[in-house]
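Undergrad: Given next are the chains, with one letter for each unit.
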Amino acid sequence: MKIHDVVIIGGGIIGTSIAREMSRYRIKIALMEKEEELAFGVSKSNSGIIHPGTQNDPSSLKGKLCVRGNAMVREISKELGIDLKEVGELIIAFSEEEKTRLLALKKDADILGVPGTSIVDNVWLKKNEPNLNEAAVAALYAPTAGIISPYRYVYDLAENAACNGVEINVDTEVLDIVRNSKKRDKYRFEIVTSKGTFRANYIINAAGLFADEIASMVGIEDIKISPRKGEEFILDKKKEHLTEHLLFPLPSKKSKGILVTRTSDGNPMIGPTAVDIDDKYDISTSDEGFEEVIRSAQRLMPSINEGDIISYFAGLRPACGDDFIIRYEDDLPGFINVAGIQSPGLTAAPAVAEMVLNILKTKGFRPMRKLFFHKHRKRTIHLFDVTFKETKRLIEKDSEYGDIVCRCEMVSAKEIRDAIKRGASTMDGIKFRTRAQAGRCHGSFCTCRLLEILKEETKKSATDITKRGPGSEIVKGVKGE
Amino acid sequence: MAAAISAYENGIRDILVLERDQFLGGILNQCIHTGFGLEYFDEVLTGPEYADRFEKKIRGISGIEIRLRSFVVDLTENKVITYLMPGKIETVKARALIMATGCREKTREMVHIAGTRPAGIFSAGLAQKLINIEGLLPGKEIVIVGSGDIGLIMARRFILEGAKVKAVIEVQNESRGLLRNMIQCIEDFEVPIYFRHKVSKIIGRDRVEKVEIAELDGGPGGKIISKKVIECDTVLMSVGLIPENELIEMAGVRLDKNTNSPISDETNKTSIPGLFVCGNAFKVYDIVDTVSKDSVEAGRMAAKHLGIKDEG
Numbered sequence: 001m002k003i004h005d006v007v008i009i010g011g012g013i014i015g016t017s018i019a020r021e022m023s024r025y026r027i028k029i030a031l032m033e034k035e036e037e038l039a040f041g042v043s044k045s046n047s048g049i050i051h052p053g054t055q056n057d058p059s060s061l062k063g064k065l066c067v068r069g070n071a072m073v074r075e076i077s078k079e080l081g082i083d084l085k086e087v088g089e090l091i092i093a094f095s096e097e098e099k100t101r102l103l104a105l106k107k108d109a110d111i112l113g114v115p116g117t118s119i120v121d122n123v124w125l126k127k128n129e130p131n132l133n134e135a136a137v138a139a140l141y142a143p144t145a146g147i148i149s150p151y152r153y154v155y156d157l158a159e160n161a162a163c164n165g166v167e168i169n170v171d172t173e174v175l176d177i178v179r180n181s182k183k184r185d186k187y188r189f190e191i192v193t194s195k196g197t198f199r200a201n202y203i204i205n206a207a208g209l210f211a212d213e214i215a216s217m218v219g220i221e222d223i224k225i226s227p228r229k230g231e232e233f234i235l236d237k238k239k240e241h242l243t244e245h246l247l248f249p250l251p252s253k254k255s256k257g258i259l260v261t262r263t264s265d266g267n268p269m270i271g272p273t274a275v276d277i278d279d280k281y282d283i284s285t286s287d288e289g290f291e292e293v294i295r296s297a298q299r300l301m302p303s304i305n306e307g308d309i310i311s312y313f314a315g316l317r318p319a320c321g322d323d324f325i326i327r328y329e330d331d332l333p334g335f336i337n338v339a340g341i342q343s344p345g346l347t348a349a350p351a352v353a354e355m356v357l358n359i360l361k362t363k364g365f366r367p368m369r370k371l372f373f374h375k376h377r378k379r380t381i382h383l384f385d386v387t388f389k390e391t392k393r394l395i396e397k398d399s400e401y402g403d404i405v406c407r408c409e410m411v412s413a414k415e416i417r418d419a420i421k422r423g424a425s426t427m428d429g430i431k432f433r434t435r436a437q438a439g440r441c442h443g444s445f446c447t448c449r450l451l452e453i454l455k456e457e458t459k460k461s462a463t464d465i466t467k468r469g470p471g472s473e474i475v476k477g478v479k480g481e
Numbered sequence: 001m002a003a004a005i006s007a008y009e010n011g012i013r014d015i016l017v018l019e020r021d022q023f024l025g026g027i028l029n030q031c032i033h034t035g036f037g038l039e040y041f042d043e044v045l046t047g048p049e050y051a052d053r054f055e056k057k058i059r060g061i062s063g064i065e066i067r068l069r070s071f072v073v074d075l076t077e078n079k080v081i082t083y084l085m086p087g088k089i090e091t092v093k094a095r096a097l098i099m100a101t102g103c104r105e106k107t108r109e110m111v112h113i114a115g116t117r118p119a120g121i122f123s124a125g126l127a128q129k130l131i132n133i134e135g136l137l138p139g140k141e142i143v144i145v146g147s148g149d150i151g152l153i154m155a156r157r158f159i160l161e162g163a164k165v166k167a168v169i170e171v172q173n174e175s176r177g178l179l180r181n182m183i184q185c186i187e188d189f190e191v192p193i194y195f196r197h198k199v200s201k202i203i204g205r206d207r208v209e210k211v212e213i214a215e216l217d218g219g220p221g222g223k224i225i226s227k228k229v230i231e232c233d234t235v236l237m238s239v240g241l242i243p244e245n246e247l248i249e250m251a252g253v254r255l256d257k258n259t260n261s262p263i264s265d266e267t268n269k270t271s272i273p274g275l276f277v278c279g280n281a282f283k284v285y286d287i288v289d290t291v292s293k294d295s296v297e298a299g300r301m302a303a304k305h306l307g308i309k310d311e312g
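Read top to bottom, the protein sequences are chains B and L.
The opening residue of the first sequence carries number 1 in the working numbering; numbering runs sequentially from there.
The opening residue of the second sequence carries number 1 in the working numbering; numbering runs sequentially from there.
Calculated from the structure, these hints are not laboratory results.
Predicted, not measured: the structure shown is a model, and the values here were computed from it.
Note that beta-carbon positions come from the ideal geometry of N, C-alpha and C, so glycine has one too.
A few of these clues could be false.
[What the hints assert, rightly or not] No farther apart than 30 Å at their CA atoms in a straight line, the calculated lysine-lysine pairs in the DSSO-like style are these: (1) L/Lys-140 - B/Lys-455; (2) L/Lys-223 - B/Lys-127; (3) L/Lys-93 - B/Lys-455; (4) L/Lys-88 - B/Lys-238; (5) L/Lys-79 - B/Lys-397; (6) B/Lys-186 - B/Lys-2; (7) B/Lys-479 - L/Lys-140; (8) B/Lys-237 - B/Lys-78; (9) B/Lys-237 - L/Lys-88; (10) B/Lys-479 - L/Lys-166; (11) B/Lys-476 - L/Lys-210; (12) L/Lys-210 - B/Lys-479; (13) L/Lys-166 - B/Lys-237; (14) L/Lys-201 - B/Lys-476; (15) L/Lys-269 - B/Lys-238; (16) B/Lys-476 - L/Lys-228; (17) L/Lys-140 - B/Lys-459; (18) L/Lys-257 - B/Lys-237; (19) L/Lys-257 - B/Lys-238; (20) L/Lys-257 - B/Lys-460; (21) L/Lys-210 - B/Lys-389; (22) B/Lys-238 - L/Lys-79; (23) L/Lys-210 - L/Lys-140; (24) B/Lys-280 - L/Lys-93; (25) B/Lys-476 - L/Lys-227.
[Said to hold, decoys possible] Per the computed footprint, the stretches of chain L lying under chain B, defined by three or more beta-carbons under 8 Å from a beta-carbon of chain B, are: (26) 80-90; (27) 168-178.
[Said to hold, decoys possible] A few chain L residues that face chain B, going by a derived Cβ cut-off under 7 Å, partial list only: (28) Glu-109; (29) Ser-123; (30) Gly-135; (31) Leu-136; (32) Leu-137; (33) Pro-138; (34) Gly-139; (35) Asp-206.
Just chain B, same shape as in the assembly:
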């Protein structure tokens, strides 16, 4: 049985960031994800905001890693060929009392080293955010806020990590972890999974909502993940220029509040709510959440109306106390917990990966750097973001670029096939990678074509094709069978 130097548990933004960072070294790394595809847990419902680092306690890991991550992601996004749109954020104050709180936030931001923040007045706001509620008196402006596609970020990190030798295992659930005390063996842990047993010297627990269950397998009981649900509502792209910046109210103790933001694909988005729940699988949306989000978003931007909403979803933040937990377990050499990574986890991810590696290096882990690290990844082609001239060139090179499958978002058969070749095996995987089914018809027109292409490329039968893994089969039967 092959022995891995490092096993990373969890294929979300944290696990894949760590995998890519470690793939710079001459070590054997395996990543395990229990879902059918990567980013299908917490990461898939991330709002995609690259936070500047404001709204964090200056002494917190969250604050420090967010500011560092924000600086790192610029380079990473270029290396991976993924769009990072720098749009800047505004935290809005509606009274003189709230304005005082802005000053306190600015002070914290300055201590953390958030670049370029300033307080702007209502004259500035009227000029630069014409749709903002006129009652706003001032805002804290942070220019380094940005937006990125959270799942494409995960897929691109994983693809680059795989290109540098990381073994990516999806649909692989960790069932148990056994310590190996035999000194002569070159591994410390046996990891029993749904796809067989792995042996590793180091384990990095980046299991998101389930980090507590993984920790518990090796007897660590002080990590308890409490899911905190957030409902998000997406508006029609026709409203793309509703806001120029990401708009925040003043933060509460529990969350950054209900925001008016934009997805990386240009749809305005409002939300999220923040409700503590018990069930790690409950991603239902509610009428109450809808009311709350609409009401709060209208406070920032009165012109938002219900009819603009074209889609909605809920996600769970893996909350665990107030800060991130990034901890080498001295009582359990080789085991490192990376837990409670909720907002601003997407931004902090590269800095989290860097910190994990640095911790390991202080604990006797001395890997050698590879001579050749493939840091660049070829940019994924999306017809919706290239010019007609480029489209023409692509079609002449490969005729399938001219075969449009998803009419609402303009996705070609070639892009769908590429997505499958790069790892998509489900309908949601295709949607996250290509945007097919993500438009206004919600897949009514393209589902049949997608099923057909998935059948061809994966050699599965129609009844085995799922939305997001076993149990979510799209159809129940085939004629004549």
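Fit chain L to the given chain B structure using the hints.
TA: Just chain L, lined up with the frame of chain B:
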């Protein structure tokens, strides 16, 4: 096809038909039930038969060029059309343009149904295509939301395929569909239909497991009187249709925000001279025969716009 044939019959000789699908006939191809053509042909036809009448005719006219698998990606105010085909991208300028782009179905998201987003939620039209064209059965225990005609027809279709239709949920006091569909698809098959009810929640983690329905006092917008849960594996949405007009919006045609139809005083006309919209893209019609009649009119209007003398 009706508009193109009419344009030809009214004297236009240089006609291009762009169709994004690999067949002519559009949605009619999946409508294998009967009831088409009563007004237009004075006969009872299925959807594919109805489309075939037009296809045979149009294929026989050499002045009409048909391009399949052609997807329009750009349209300007000056009627310059850019379209993709497998292997090429082309640009053409039209002197008159008739848009016959049809309509799409409203989604679960547009009526804001709370709950989860598992597999098993389909628009009625998608379910129809899966069964009639692909030979796939979307589910076995069905709840239909809304009583539009496609929903009613699909209730019967599912029953004929051996599935069980547990309920049709309609928020209004009466069906939105045609009386003949209410009788032939619902009453004749004893499908339970709940008026003044809405689906308040969809439940299920990976696949739909059940829906929660709520009885509303007096219908839409009314207070909830009672709630009830129905087990099912499939939810079919049949809550209305919207004209598909994103291309003409791109060209600058003014659209009604609520209906997505062109704002116009006269059927088929838009705010851009020489740019006509016919059929369900102009407004959602009950039956295809009226669509064909108004499309014939659009062909005539295009000829008139080009200054070709009315031969009739």
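Undergrad: Taking only the CA atoms, is the gap from L/Lys-223 to B/Lys-127 under or equal to 30 Å?
TA: Violated. L/Lys-223 to B/Lys-127 sits at ~43 Å, over the 30 Å cutoff.
Undergrad: For the pair supplied as a hint, L/Lys-166 and B/Lys-237, is the alpha-carbon distance within the 30 Å limit?
TA: violated (36 Å)
Undergrad: Run the distance test for L/Lys-93 versus B/Lys-455: straight-line Cα separation, threshold 30 Å.
TA: violated (39 Å)
Undergrad: Hint check: L/Lys-210 vs L/Lys-140, CA-CA at most 30 Å. Holds or violated?
TA: holds (13 Å)
Undergrad: Hey, L/Lys-210 versus B/Lys-389, does the alpha-carbon distance stay inside 30 Å?
TA: Given pair L/Lys-210, B/Lys-389 is violated - Cα atoms ~49 Å apart, limit 30 Å.
Undergrad: Holds or violated: B/Lys-186 and B/Lys-2, Cα atoms, limit 30 Å.
TA: holds (11 Å)
Undergrad: Three residues or more, CB to CB closer than 8 Å: is that satisfied between the region 80-90 of chain L and chain B?
TA: As far as the region 80-90 of chain L goes, the hint holds, because 7 residues have Cβ atoms under 8 Å from chain B.
Undergrad: Does the structure keep B/Lys-476 and L/Lys-210 at a Cα separation of 30 Å or less?
TA: With a Cα-Cα distance of about 16 Å, the restraint between B/Lys-476 and L/Lys-210 holds, given a limit of 30 Å.
Undergrad: L/Lys-88 and B/Lys-238 were given as a pair; does the straight-line alpha-carbon distance stay at or below 30 Å?
TA: holds (28 Å)
Undergrad: Are the Cα atoms of L/Lys-201 and B/Lys-476 separated by 30 Å or less?
TA: holds (22 Å)
Undergrad: What's the verdict on B/Lys-237 and L/Lys-88, does the C-alpha distance respect the 30 Å limit or exceed it?
TA: Satisfied, since the Cα-Cα distance of roughly 28 Å is no more than 30 Å.
Undergrad: Is the hinted pair L/Lys-210 and B/Lys-479 satisfied, with a Cα-Cα distance of at most 30 Å?
TA: holds (25 Å)
When each numbered hint is compared with the structure, violations occur for hints 2, 3, 13, 20, 21, 24 and 27.
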